[in-house]
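**Q** Spelled out from the first residue to the last, the chains are:
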Amino acid sequence: MSSVALEAGSAWDARAAAPRRPARGLGHAVFLSAAILVAVALIAPVASLAVSALQGSAGLWPHLVAYVLPQALRDTVLLLLGVGLLVLVVGVGTAWLVAAHDFPGRRLVEWMLVLPLAVPTYIVAYAYLDLLHPVGPVQTGLRHLFGIASPRDLPFPEVRSLPVCALLIGFVLYPYVYLPVRAVFLLQGAEVLEAARTLGAGSARTFWRVALPLARPGIAVGASLALLEALNDIGASEFLGVRTLTVSIYATWVNRSDLPGAAQIALLLLVVVLALLAAEAWGRRQGRYVAGRRTPQRRPLSGSRAGLALLACAAPITVGFVAPAGYLLVEASKRVAFAGVSAGLARETLNTVLLSAGATVLTVGLGLVLASGARLYARRVPSLWLRAAGFGYALPGTILAVALLGPLAGFDRMLAAVTRDLFGVTLGLLAGGTAVALIYAYTVRFLAISIGAAEAGLAKLPASQDEASRVLGQGTLGTFRLIHVPFAWTAVASGALLVFVDCMKELPATLLLRPLNVETLATHLYGEAARGTYEDGAVAALIIVLIGLLPLTLLSRLGPR
Amino acid sequence: MQRHAPAPGSLVAAPVEPLPPAPPRLSGRAAATLSVEDVRCRFGTKTVLRGVSFEAPPAAVTCLLGPSGCGKTTLLRILAGIERPSAGRVMLDGEEVAGPAVFVPAESRRVGLMFQDYALFPHLTVLDNVLFGLRHLPRGEARPVAEAALDRVGLAGLAGRRPSELSGGEQQRAALARAIAPAPRALLLDEPFSNLDRGLRDDLRDSTAALLRDSRITALVVTHDPDEAMQMADHIVLLSAGEVLAAGRAEDLYRRPASLAVARALADVNEVPGRMAGGWIETGLGRFPGLGHHPDGAAAILAIRPEGIRIGPAGSGRPGRIASRVFRGAASSVRVEIEGLDAPIRAVVNRSAAAPGDLVSVEVEPDSAFVFLA
Numbered sequence: 001m002s003s004v005a006l007e008a009g010s011a012w013d014a015r016a017a018a019p020r021r022p023a024r025g026l027g028h029a030v031f032l033s034a035a036i037l038v039a040v041a042l043i044a045p046v047a048s049l050a051v052s053a054l055q056g057s058a059g060l061w062p063h064l065v066a067y068v069l070p071q072a073l074r075d076t077v078l079l080l081l082g083v084g085l086l087v088l089v090v091g092v093g094t095a096w097l098v099a100a101h102d103f104p105g106r107r108l109v110e111w112m113l114v115l116p117l118a119v120p121t122y123i124v125a126y127a128y129l130d131l132l133h134p135v136g137p138v139q140t141g142l143r144h145l146f147g148i149a150s151p152r153d154l155p156f157p158e159v160r161s162l163p164v165c166a167l168l169i170g171f172v173l174y175p176y177v178y179l180p181v182r183a184v185f186l187l188q189g190a191e192v193l194e195a196a197r198t199l200g201a202g203s204a205r206t207f208w209r210v211a212l213p214l215a216r217p218g219i220a221v222g223a224s225l226a227l228l229e230a231l232n233d234i235g236a237s238e239f240l241g242v243r244t245l246t247v248s249i250y251a252t253w254v255n256r257s258d259l260p261g262a263a264q265i266a267l268l269l270l271v272v273v274l275a276l277l278a279a280e281a282w283g284r285r286q287g288r289y290v291a292g293r294r295t296p297q298r299r300p301l302s303g304s305r306a307g308l309a310l311l312a313c314a315a316p317i318t319v320g321f322v323a324p325a326g327y328l329l330v331e332a333s334k335r336v337a338f339a340g341v342s343a344g345l346a347r348e349t350l351n352t353v354l355l356s357a358g359a360t361v362l363t364v365g366l367g368l369v370l371a372s373g374a375r376l377y378a379r380r381v382p383s384l385w386l387r388a389a390g391f392g393y394a395l396p397g398t399i400l401a402v403a404l405l406g407p408l409a410g411f412d413r414m415l416a417a418v419t420r421d422l423f424g425v426t427l428g429l430l431a432g433g434t435a436v437a438l439i440y441a442y443t444v445r446f447l448a449i450s451i452g453a454a455e456a457g458l459a460k461l462p463a464s465q466d467e468a469s470r471v472l473g474q475g476t477l478g479t480f481r482l483i484h485v486p487f488a489w490t491a492v493a494s495g496a497l498l499v500f501v502d503c504m505k506e507l508p509a510t511l512l513l514r515p516l517n518v519e520t521l522a523t524h525l526y527g528e529a530a531r532g533t534y535e536d537g538a539v540a541a542l543i544i545v546l547i548g549l550l551p552l553t554l555l556s557r558l559g560p561r
Numbered sequence: 001m002q003r004h005a006p007a008p009g010s011l012v013a014a015p016v017e018p019l020p021p022a023p024p025r026l027s028g029r030a031a032a033t034l035s036v037e038d039v040r041c042r043f044g045t046k047t048v049l050r051g052v053s054f055e056a057p058p059a060a061v062t063c064l065l066g067p068s069g070c071g072k073t074t075l076l077r078i079l080a081g082i083e084r085p086s087a088g089r090v091m092l093d094g095e096e097v098a099g100p101a102v103f104v105p106a107e108s109r110r111v112g113l114m115f116q117d118y119a120l121f122p123h124l125t126v127l128d129n130v131l132f133g134l135r136h137l138p139r140g141e142a143r144p145v146a147e148a149a150l151d152r153v154g155l156a157g158l159a160g161r162r163p164s165e166l167s168g169g170e171q172q173r174a175a176l177a178r179a180i181a182p183a184p185r186a187l188l189l190d191e192p193f194s195n196l197d198r199g200l201r202d203d204l205r206d207s208t209a210a211l212l213r214d215s216r217i218t219a220l221v222v223t224h225d226p227d228e229a230m231q232m233a234d235h236i237v238l239l240s241a242g243e244v245l246a247a248g249r250a251e252d253l254y255r256r257p258a259s260l261a262v263a264r265a266l267a268d269v270n271e272v273p274g275r276m277a278g279g280w281i282e283t284g285l286g287r288f289p290g291l292g293h294h295p296d297g298a299a300a301i302l303a304i305r306p307e308g309i310r311i312g313p314a315g316s317g318r319p320g321r322i323a324s325r326v327f328r329g330a331a332s333s334v335r336v337e338i339e340g341l342d343a344p345i346r347a348v349v350n351r352s353a354a355a356p357g358d359l360v361s362v363e364v365e366p367d368s369a370f371v372f373l374a
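Line order of the protein sequences matches chains A and B. Counting from 1, one number per residue, gives the positions in the first sequence under this note's numbering. Counting from 1, one number per residue, gives the positions in the second sequence under this note's numbering.
Treat the hints with care, since some could be wrong.
Unchecked claim - Distance ranges between label pairs, derived from CB positions:
no. : chain 1 : residue 1 : chain 2 : residue 2 : range
1   : A       : Gly365    : B       : Ala101    : 36 to 46 Å
2   : B       : Phe43     : A       : Arg256    : 51 to 61 Å
3   : B       : Asp225    : A       : Pro462    : 41 to 51 Å
4   : B       : Glu141    : A       : Pro462    : 29 to 39 Å
5   : B       : Ala101    : A       : Trp61     : 35 to 45 Å
6   : B       : Pro138    : A       : Pro515    : 27 to 37 Å
What the hints contain is simulated information worked out from the structure, not anything from laboratory work. Since the model is a prediction, treat every value here as computed from it, not as a measurement. C-beta: ideal position from N, C-alpha, C; glycine also.
Model the full assembly from the supplied sequences, consistent with the hints where possible.
**A** Okay, structure coming up:
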């Protein structure tokens, strides 16, 4: 019978014989509408940005090209190179030290290494400007040490400079690399590393030839997150005199009220962002997490090697967290002892937490639905549109805010017209004037984190699990609820914590999109800093850091041991 | 079409012994006939299945045997409803579940699938894994069914464990319990014993085959191991490069292979070249009767199973010399050099007497020798 079939095969046309697609159920509708919703939510601001840019006069370009862009592009690229190098060396190096080695204090530094994540770039710059000030504790201490009387006689590098900016940003952003890479080192399992060692590879060779190539997807993801965050930074760059593209956009808009000009620089920034994303895609090509059964046996270190390992892990913790947080603690307690806690701070803290938590729930829910839907429905299609959904993360907060105001105002006008015509009710600004706009902005900004977390969690789930669930009678919604959610929960939770911290730290978008008369801690800090009243800013900054710490302590407990 | 008992003379082995008293049904659905009609599948430019047709009779164990890459796992996934065929039909008891106009998805097909890696849900206990497929039943009814299924595979005591706390064999049995609990119309097993060590594999193979027969489930077992297929199956479908090479009872395929490929697929064969003359094949081992339609002078091959070669003391048959011997426990494999043959002949001896260098005589049992045109 098969020979007959074979002869018939020559005339057979797959397309003509392809089965009709059956009607798909509720699950498909849910996943599809989530995908469409996100696509629209993402396209609207980008389209709005393009429209704004087009409204500018053509004569603006020569000015930008001649006076703004060369310097801004140069500073941006140099900053990215510096930050990139630092987060790779510090993030991968510390991850390898704590994942593959054991030394006294390893458990402590293993969780402390994530602490700098609680310190936003604008806060670390703000703290170090004081710490490294000619009359600040560091330079004063050095002068005492060397017996130098005048601040002018101490040869100290210029603090307001690009290298210092890259250094400070790198030391608070390296956990973006440390976290995924450590997870990969722990998850890829003992078998692979032990196999390398039985083949005669020492610690160094195992690292370069086995562990590092296996961790490549994690490294690419972490580094791109850190660099996108560095691109988004406005506070540190501005405080330290670095005129990046983002700072130029902000200045063009705020100082010259030139929205089209800002939008035009933003389009150039988008090119940089696209280059970064392309580099990330290249970095994680053919990337697959290899999940092993056991975590690797850590190689014990002793003596001076143990001391060096501990030192290497303690340095980034000190620079990125202990010093700035300690400074904030001292300054804040001085302030509280002097003037008490300002009445508004509690309310601002509550506002911050509510806004961030609302955005986190929405972001994480959407991220899980999208990652799961891509797996259930588009297994053979590259998840290109998931990458596209993550594009919002690349949009700097300032630009996102400016871009969102257009569509939101349009939506409000439309809604007002509809309610007036249908119900005779006059509405105020609904989307633009409430938390909706801000939560929208947060969600667009941070969806990439939650999608990435959900995808990473689901990547460890073999495809046979989905198929087993379906063979046992569950549709896509059931598989999502009963298999994907419970399995990816820990990965999603860690993503949620990152989203929460990022929402809370987000400054520019909050500043522009917050509802009238609503202050958050970040905007409070910004206001204080703008007025030059540094002491109260320290209290708000300390609260931001402390709230940022809460999820981080949980994070270290959730991660693989 | 026969649904409950195989017709006399059909390819299905009728159980000779009376069945033991029927165990309590897990659910009241009779086993279905699974028919595959001209199923084709291609991914992009790669054609995996080139028109596969066969029938798995109800309440019997059918083995889908083939080397890795022959398309057997793809076929299984199509039968389960995970993959769509590019063309062809899959029928369950005459009801089309996949075809040009119909595709019943996996979750609605009521076909069980046991995965090669078992795919036990790591976050659920063994009992909850089994209950997963019984969600259509009220909780009160589902639990006894799940417990009965676990009892059948001997895991009643481990119901509260997580899959990671089970041994390999226990995981296999948990996966089997999960697959049979919903009383699927047909049960598909993908290389069910490939992850087990040998002793365990033999035990579980026997107990699984017994359980499948007792439960009167239509079972389709995918394997690359001919011994496994012959031990388990009532009916074997030989698959090669996306096509059905042959189908039938294990013994028929073994004793009367329709082609050299079939003879090779089921067990080791010696291949001795020769020429046809007057319906006989002339080889270095002598003349053997071939089939009538083989033309004179045609190049042909005499295929002989190793156990069809009788080794005796020198002098009685065709002379040979033992070239090498491998001890295999109950029997030994030897290679015998024979004058006039390019390659040594493989044979099986029970005596430990034969040692390399010994001169022996070689005889061929006509029943174990098959003639094919080269």
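**Q** All hints, please: hold or fail.
**A** Right, here's what the structure says about each hint:
For the hinted restraint 36 to 46 Å between Gly365 (chain A) and Ala101 (chain B), the CB-CB distance of approximately 38 Å keeps it satisfied. Take Phe43 (chain B) and Arg256 (chain A): their Cβ atoms lie about 57 Å apart, and the range 51 to 61 Å holds. Remark: the range hint 41 to 51 Å for Asp225 (chain B) to Pro462 (chain A) is contradicted by a beta-carbon distance near 23 Å. Take Glu141 (chain B) and Pro462 (chain A): their Cβ atoms lie about 31 Å apart, and the range 29 to 39 Å holds.
At roughly 59 Å, the beta-carbon separation of Ala101 (chain B) and Trp61 (chain A) lies outside the given 35 to 45 Å, and the hint is violated. Taking the beta carbon of each, Pro138 (chain B) and Pro515 (chain A) are about 49 Å apart, not inside 27 to 37 Å as hinted.
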